[in-house]
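K.L.:
Protein sequences appear in the order of chains A and B. Note that the working numbering numbers the first sequence so that position 210 is 210, with each residue one more than the last. Note that the working numbering numbers the second sequence so that position 482 is 940, with each residue one more than the last.
None of these hints come from the bench; they were simulated from the model. Among the hints, erroneous ones may be present.
Subject to a maximum C-alpha distance of 27 angstroms in a straight line, what follows is the list of computed DSS-like cross-link-like pairs (lysine-lysine) [as the list claims (entries may be wrong)]:
| no. | chain 1 | residue 1 | chain 2 | residue 2 |
| --- | --- | --- | --- | --- |
| 1 | A | Lys222 | A | Lys8 |
| 2 | A | Lys11 | B | Lys463 |
| 3 | B | Lys612 | B | Lys596 |
| 4 | B | Lys612 | A | Lys8 |
| 5 | B | Lys612 | A | Lys121 |
| 6 | A | Lys11 | B | Lys752 |
| 7 | B | Lys752 | B | Lys774 |
| 8 | B | Lys813 | A | Lys14 |
| 9 | A | Lys367 | A | Lys8 |
| 10 | A | Lys11 | B | Lys612 |
| 11 | A | Lys131 | B | Lys496 |
| 12 | A | Lys121 | B | Lys489 |
| 13 | A | Lys315 | A | Lys259 |
| 14 | A | Lys122 | B | Lys885 |
| 15 | B | Lys813 | B | Lys612 |
| 16 | B | Lys885 | B | Lys896 |
| 17 | A | Lys133 | B | Lys774 |
| 18 | B | Lys896 | B | Lys933 |
| 19 | B | Lys949 | A | Lys222 |
| 20 | A | Lys257 | A | Lys131 |
| 21 | B | Lys896 | B | Lys813 |
| 22 | A | Lys133 | B | Lys813 |
| 23 | A | Lys444 | A | Lys189 |
| 24 | A | Lys315 | A | Lys62 |
| 25 | B | Lys496 | B | Lys485 |
| 26 | B | Lys496 | A | Lys222 |
| 27 | B | Lys752 | A | Lys189 |
| 28 | A | Lys62 | B | Lys992 |
| 29 | A | Lys189 | A | Lys259 |
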Amino acid sequence: MLLRHTTKEIKERKALTVNPAKTCQPIGAMYAALGIHNCLPHSHGSQGCCAYHRSALTRHYKEPVMAGTSSFTEGASVFGGQANLLQAIDTIFTVYEPDVIAVHTTCLSETIGDDIPQIAKKAETDGKIPKGKYVIHANTPSYVGSHVTGFATMTKAMVDYFAESNGRKIEQINIIPGYVEPSDMEEIKRIVSELGIRSVMFPDTSNVLNRPQTGRFDMFPKGGTTVDALRSTGSSKATLALGRLASGPAARALDAKCKVACEILDPPIGLAATDAFVDTLRRMGGVSVPESINTERGRLLDIITDMHQYFYGKKVGLVGDPDQLISLTEFLVSIDMWPIYVVTGTPGKKFESKIKEITRDVPHEVKVASGGDMFLFHQWLKNEPVDLMMGNTYLKYISRDENIPLVRFGFPILDRVGHSYFPTVGYRGGMRLLEKILDALLDKTDRESPEESFELVL
Amino acid sequence: MAASKTDPAPGIESVDPGELKAELVAKYPTKVGRKRAKQIVINSVDECGEVPEIGANARTIPGIITQRGCSYAGCKGVVLGPTRDIVNLTHGPIGCGFYSWLTRRNQTRPDGPGDANFMTYCFSTDLQDEDIVFGGEKKLRQAIREIYENFRPKAIGIFATCPVGLIGDDVHAVAREMKEELGINIFGFSCEGYKGVSQSAGHHIANNALFTHVVGLDDTASEGKFKINLLGEYNIGGDAFEIERIMDEAGITVVSTFSGNSTYDKFANSHTADLNTVMCHRSINYVAEMMEKKYGIPWIKVNFIGAASTAKTLRKIANYFEDEELIERVEKLIAEEMVEVEKVRREVESRCAGKLAMLFVGGSRAHHYQDLFAEIGMKTVAAGYEFAHRDDYEGRAVLPEIKVDADSRNIEELAVEPDPERFNPRKSEEALSRLKAKGFRFKDYDGMMAEMASGTLIIDDISQFETEKLIEKYKPAIFCAGIKEKYAIQKKGIPMKQLHSYDSGGPYAGFKGAINFWREIDRMVNSKVWGYLKAPWQESPELTATYGWE
């Protein structure tokens, strides 16, 4: 057994996290910053933070992930990291020449209280920030929130630093996609343009973390939201934010700063959430939904009707991030699956009540944990197993020990490709999710059904 | 900086390394360039094996885009990570524990279903802001109790992360207290990420704590006639398994491995071995030194990377024990193993010979893997370490010259004395002089540079910018580094092999490992995929309309 020490008996833990279902804020900030065009994320802390975040993102995306670090030593930890950050800014603008350095803090620099805007100001006074270039920042101590809130904070920083209202509205809407894959961002943009709506998406990691092999390496690839586009978000007609936790703060900041009204929806994962997304877009843009979108919706619906017998009453365990889990749970409930265990490591009480509300008609007890971990999740499974698990790659250890099929969903996915190229949002993304769910369930059926009931046609 | 004409490395006469160095240095702000110039050296080996001085184990310049990680990564991730039955508790916010959870491909093989294995688990105190404000010791104590209640391990290691050091949590005091309370061995590591200048500091901290709290706790004499410890072998992709297989067949007992496929009990018993063999000099030489002083166990440098190197190492171990039967058995084993090795080597050499390799990784791998490339005729034109010290480049002879700077001074040097009861020199003075007279060398590490050709480029703590420039100039057939470097290099159309975690596959150590590695390199440098980078219409964009519209 791979997780041989996980017991059925659940003992209360107050201080110990085992097999976390979250990671720390800075990696989310780094991921968000990669969604700005010509931007180098910078980790203000020890080298290890930056190395770990780059490694984790690289393993998930199989793509170059460039970022700088302030390389704190013991001296910097005592005297403050100002000299390190000034040096970093100078080195980065001289050698790598980005338009933007997006600094995020770490537990180290937060604990000693480094003031990033003050240091950036000094860099500017010292002439270390070339004209037309920017240093932006987000405070992301690792002992608050999770990778999701780190993403949200850096996304909000894009508004704080760049958004400006030029006094008249531009015919465009802002889309804040949330902590989703580059493929998802691409798909959201496609749906928006299919509706004939002009938009600015930020951050946008498509063509950054799913770029093609061309025989060339560009330090700053084609993708990412440009500074000009970010600036224009303050003059957009409206903002559509996807994911309360990941996108809410930036959307509200835009409203406060530039009076751009916002709507905050759950990420468009599954039928109902995508319906809400498309319907909101339609009303925001004053457009009618084209037949092509109706066709996509109909196809998703068709799979559900055709294969409903395989979904019905199947128990599912989910581990992931709050925004995605809300939509995903809703999707599974809508196809008559029973999500009975839902765990996120990200703290937040609202999550639990929201999941309870979505699953109120599920004819089974539903256990929910925010600030939970995969050890607890596994213990729940030991007490009553499920038919399917959905979550990140770490679940494969449970999957093997308990012989429960796993659909990889969320972050990080370290052992498969696809997530950066094929979306799980929108109607097409919903179809892909259903394909994956059916493959996982039916492969197990095919592997394990008795010979006499082994079937050709399913 | 004016570049003087320097001799290029054999095989790449088109590149003047002096000019290239000048170009690299010129790109940086002046002061930065001056620092980098010390860490970029054109190798020259004179008749006596003397090599130039290189700047190493120095602070990384902020913003340069380094490969390096931190002290915690070296301590918890590298050295303690591969031990299966110690619960490694990260005291800090969640990230550090999360990122070092199962990401290094250390394999382990528990003795049956009842044997402990915590390597698949991640334990953290997941500190929150209130803990940072009010202190985290209370939470740490409680977490240790909860580990004991849930897992009943024989030992717990506590790893301090950056904020823990700053807020003044004393992991050692908590360890002592909880050890008393629970009656199991509990020890702390002050491996905060800001200690030292790289992972290397963490290796040293790990060595110190293992030596202080675990080594020597169990005096039960280990069985076997020829007993060794294997130090600095982390069982990435099963390397230690292959070495264990070879040792088994040679009749040599591996008492303990630091720390691939290792257990707490084996560490505790490791001082009963009669020889320490050191693979990764950088990460583990401290334990070897301390065990020699305290217990009288001599150490030698070995290398199981490369078939010829493996054979050489086996002979060296056999010669140390001065046992004819062992010497004979080792020769027989080498002869048997080399049949298949030689067959594959020749086959792969025919497709790879003359191609260029670059290795920028670790603290020993960038050196060791050159042997594997050389055996199939590939030339290493540039290499460097991520976190090594001058002795790993220039050889141990340089040790007395190395100045202790502010960053190194913060890493404790343990004062070790011979153990009053257990110090037992494994070789008499007479035996030592007999061996030395035959050319046998102890503590013999000559470093990377002496074994590299003159004109090759040695770069310490290479930056992303330098990596790109090197590739553009030399266009190597393969580049070896880590996961962060991998895809930027491959996007340029050059295969990149990870030598920290091997991407996938392995083992690459020992005889079978050499075969695996050569097959892998053959696959990578001769892969058809690199020929598909351009679409047909990109190869010949001119239009010759066949069915064009009027």
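K.L.:
Go through the numbered hints given earlier and state which of them the structure violates, listing their numbers in rising order.
P.N.:
1, 2, 5, 6, 8, 11, 13, 14, 15, 17, 18, 21, 22, 23, 24, 26, 27
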